[in-house]
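Chemist: Kindly produce the complete structure, drawing on both the sequences and the hints.
Sequence order for the protein chains is A and B.
With the numbering used here, letter number 249 in the first sequence gets 254, and the count goes up by one each step, no holes.
With the numbering used here, letter number 236 in the second sequence gets 249, and the count goes up by one each step, no holes.
Hint data in this document are derived by calculation from the structure and do not stem from the laboratory.
Each residue gets a CB set at the ideal place from its N, CA and C atoms; glycine is no exception.
Watch out, some of these pointers could steer you wrong.
[Unchecked claim] What follows is a list of derived Cβ distance ranges for each label pair:
id : chain 1 : residue 1 : chain 2 : residue 2 : range
1  : A       : Trp-185   : B       : Gly-224   : 35 to 45 Å
2  : B       : Asp-103   : A       : Pro-81    : 19 to 29 Å
3  : A       : Trp-185   : B       : Lys-153   : 17 to 27 Å
4  : B       : Ala-159   : A       : Trp-66    : 38 to 48 Å
5  : A       : Gly-106   : B       : Asp-103   : 34 to 44 Å
6  : B       : Ala-159   : A       : Trp-62    : 44 to 54 Å
7  : A       : Arg-268   : B       : Ala-159   : 19 to 29 Å
8  : A       : Leu-249   : B       : Lys-153   : 47 to 57 Å
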Amino acid sequence: MSVDAPVMTPPARAPSWLKPHRIGLLAVALALVIAATLFMRWDWLPRYYGLALQGIWRTIWILVVTCALGIMLAVPLGLAQAAGPWWLAAPARGFCTMIRGTPLLLQLWLLYYGLGSLFPQFPWIRHSELWPYLRQAWPYAVLSLTLSYAAYEGEVMRGAFAGVPRGQLEAARAYGMSRWKIFRRIWMPQAFYRALPTLAGETVLQLKATPLVATITVVDIYNVAGRVRQETFITYEPLLLLALVYMVITGIIVFLFRRLESRIPVKIG
Amino acid sequence: MSMAGTAANPSPLAQDGAAEALHIESLHKKFGDLHVLKGVSLSARDGDVIAIIGGSGSGKSTLLRCINCLENPTSGVIRVNGEQIRLKADSHGHTIPADRRQIERIRSRLGMVFQSFNLWSHLTLLENVIEVPVHVLGVKRDKAIAEAQTLLDRVGLAEKRDVYPAYLSGGQQQRGAIARALAIQPRVMLFDEPTSALDPELVGEVLKVIGDLAREGRTMVLVTHEMKFAREVATHVVYLYNGLVEEEGPPEEIFGAPKSERLKQFIRSIG
Numbered sequence: 006m007s008v009d010a011p012v013m014t015p016p017a018r019a020p021s022w023l024k025p026h027r028i029g030l031l032a033v034a035l036a037l038v039i040a041a042t043l044f045m046r047w048d049w050l051p052r053y054y055g056l057a058l059q060g061i062w063r064t065i066w067i068l069v070v071t072c073a074l075g076i077m078l079a080v081p082l083g084l085a086q087a088a089g090p091w092w093l094a095a096p097a098r099g100f101c102t103m104i105r106g107t108p109l110l111l112q113l114w115l116l117y118y119g120l121g122s123l124f125p126q127f128p129w130i131r132h133s134e135l136w137p138y139l140r141q142a143w144p145y146a147v148l149s150l151t152l153s154y155a156a157y158e159g160e161v162m163r164g165a166f167a168g169v170p171r172g173q174l175e176a177a178r179a180y181g182m183s184r185w186k187i188f189r190r191i192w193m194p195q196a197f198y199r200a201l202p203t204l205a206g207e208t209v210l211q212l213k214a215t216p217l218v219a220t221i222t223v224v225d226i227y228n229v230a231g232r233v234r235q236e237t238f239i240t241y242e243p244l245l246l247l248a249l250v251y252m253v254i255t256g257i258i259v260f261l262f263r264r265l266e267s268r269i270p271v272k273i274g
Numbered sequence: 014m015s016m017a018g019t020a021a022n023p024s025p026l027a028q029d030g031a032a033e034a035l036h037i038e039s040l041h042k043k044f045g046d047l048h049v050l051k052g053v054s055l056s057a058r059d060g061d062v063i064a065i066i067g068g069s070g071s072g073k074s075t076l077l078r079c080i081n082c083l084e085n086p087t088s089g090v091i092r093v094n095g096e097q098i099r100l101k102a103d104s105h106g107h108t109i110p111a112d113r114r115q116i117e118r119i120r121s122r123l124g125m126v127f128q129s130f131n132l133w134s135h136l137t138l139l140e141n142v143i144e145v146p147v148h149v150l151g152v153k154r155d156k157a158i159a160e161a162q163t164l165l166d167r168v169g170l171a172e173k174r175d176v177y178p179a180y181l182s183g184g185q186q187q188r189g190a191i192a193r194a195l196a197i198q199p200r201v202m203l204f205d206e207p208t209s210a211l212d213p214e215l216v217g218e219v220l221k222v223i224g225d226l227a228r229e230g231r232t233m234v235l236v237t238h239e240m241k242f243a244r245e246v247a248t249h250v251v252y253l254y255n256g257l258v259e260e261e262g263p264p265e266e267i268f269g270a271p272k273s274e275r276l277k278q279f280i281r282s283i284g
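Modeler: Structure (structure tokens):
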């Protein structure tokens, strides 16, 4: 036994990421790709190439926009429930319960078919500047996915805000920070760091909720795969490609959140 | 202010007021039906080190936390640096600070050190120390960092500046918390049982830092269970019993010749 305190050094880095087990996996993957190329039909691909790219792009921007808007709503929703007066906490809790308690598909259809058929009955809406947008499907898709993300993440943020130890906020108060400064400098960052791993998983779930927008005629990547099947009677190949697309996007989301998490070098709390 | 230097009277109860750092008068605090403080008065002049001692539940921590309104007193007068904290009743009949700006300004000159350290866990030690100077007091970042370096060096944590609190020992965290308190150039330092949450072998290093501060003439109010330490550094000792000042005086009298039976018993029980 050495008397010296053991010095923590990261384990020596492998010279390359190419290790035997990885080579094996790569070989399997390559074999699968070759098999898929040789034994499956991909002749439809050139014709739908442009549409598929548009679909991927639409899936991604819907995901990004609804998550961004959703988290902006989730913070006040969480804060209201964790620390707000009852007249803010109660509606926030009601909203979260209602949205989380009903299927997203139902909300989507209620908004699209409900609001969508209500709006044209009012001439002033039909003649407003917003009408060119309101007669399209995507605003309803964005709205319902945003509300859904807000409700789920509002609940996550409630827990995260409530989980910040009292002493952390008390110290901020004792040093004369204003309420806003305590929120911005201490409470919000600590709550956000706590919530980050959960948010990563929730964002992946949000990605996989996006195909629902295909049911209200928004042409996302899922919708493109459906169209290929309808028009060419080829079923498996588009679905396989679809699975690949979602896996790649999931990989990117996980990677980005890992990057974000690694910038938080502390065990919080 | 020139009188501060000439004040020869060591008694914290002197009435001249010029060098008075802290003044508390007939402070009451109720938690619901529980009457924790039943009219406590206390006064500290510049350079005083006031030790508040007493059994658990005697109200000593509550008294300290009322000074910067972490707990709002139910009634009473608190003056810091000659400025009285304005209080008002809220819609539920609870007493709260009347002027948020005033209480925030007063708090920013009271350096509080907590039993459980409460360093901000998402900030490095250096960031903890410059947080209040930069974001509350408006000190330039470069200047704040330079001062923080000096302070961290002083408490023996210069090489830990970029470490997060989770990776520091309790003693190191508490010394860091003292540096954070010093960084605001506090008018009065408030210590709330600063060594109670520490492992026995870490108590010494923290007491040494606090002792040094006391000896250099910092004004402080210290709630503590360390009787030996209180006797060593305090200029005035207050013994609280059941929400009232049972006995107070210079440490030699309090520990050497206690008058009240309860204090005698308390000192015996502490050993």
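Chemist: Evaluate each hint against the coordinates.
Modeler: Here is what the structure says about each hint:
1. For Trp-185 of chain A and Gly-224 of chain B, the Cβ-Cβ distance of about 38 Å falls inside the hinted range of 35 to 45 Å, so the restraint holds.
2. Under the hint 19 to 29 Å, the C-beta atoms of Asp-103 of chain B and Pro-81 of chain A, about 24 Å apart, fit the expected range.
3. Remark: the range hint 17 to 27 Å for Trp-185 of chain A to Lys-153 of chain B is upheld by a beta-carbon distance near 22 Å.
4. About 47 Å separates the C-beta atoms of Ala-159 of chain B and Trp-66 of chain A, a value consistent with the hinted range of 38 to 48 Å.
5. Distance hint check: the CB atoms of Gly-106 of chain A and Asp-103 of chain B are about 36 Å apart, consistent with the given range 34 to 44 Å.
6. At roughly 51 Å, the beta-carbon separation of Ala-159 of chain B and Trp-62 of chain A lies within the given 44 to 54 Å, and the hint holds.
7. Arg-268 of chain A and Ala-159 of chain B have their C-beta atoms about 26 Å apart, which keeps the hinted 19 to 29 Å range intact.
8. Between Leu-249 of chain A and Lys-153 of chain B the Cβ separation comes to about 54 Å, which falls inside the hinted range of 47 to 57 Å.
The structure meets every hint from the earlier list without exception.
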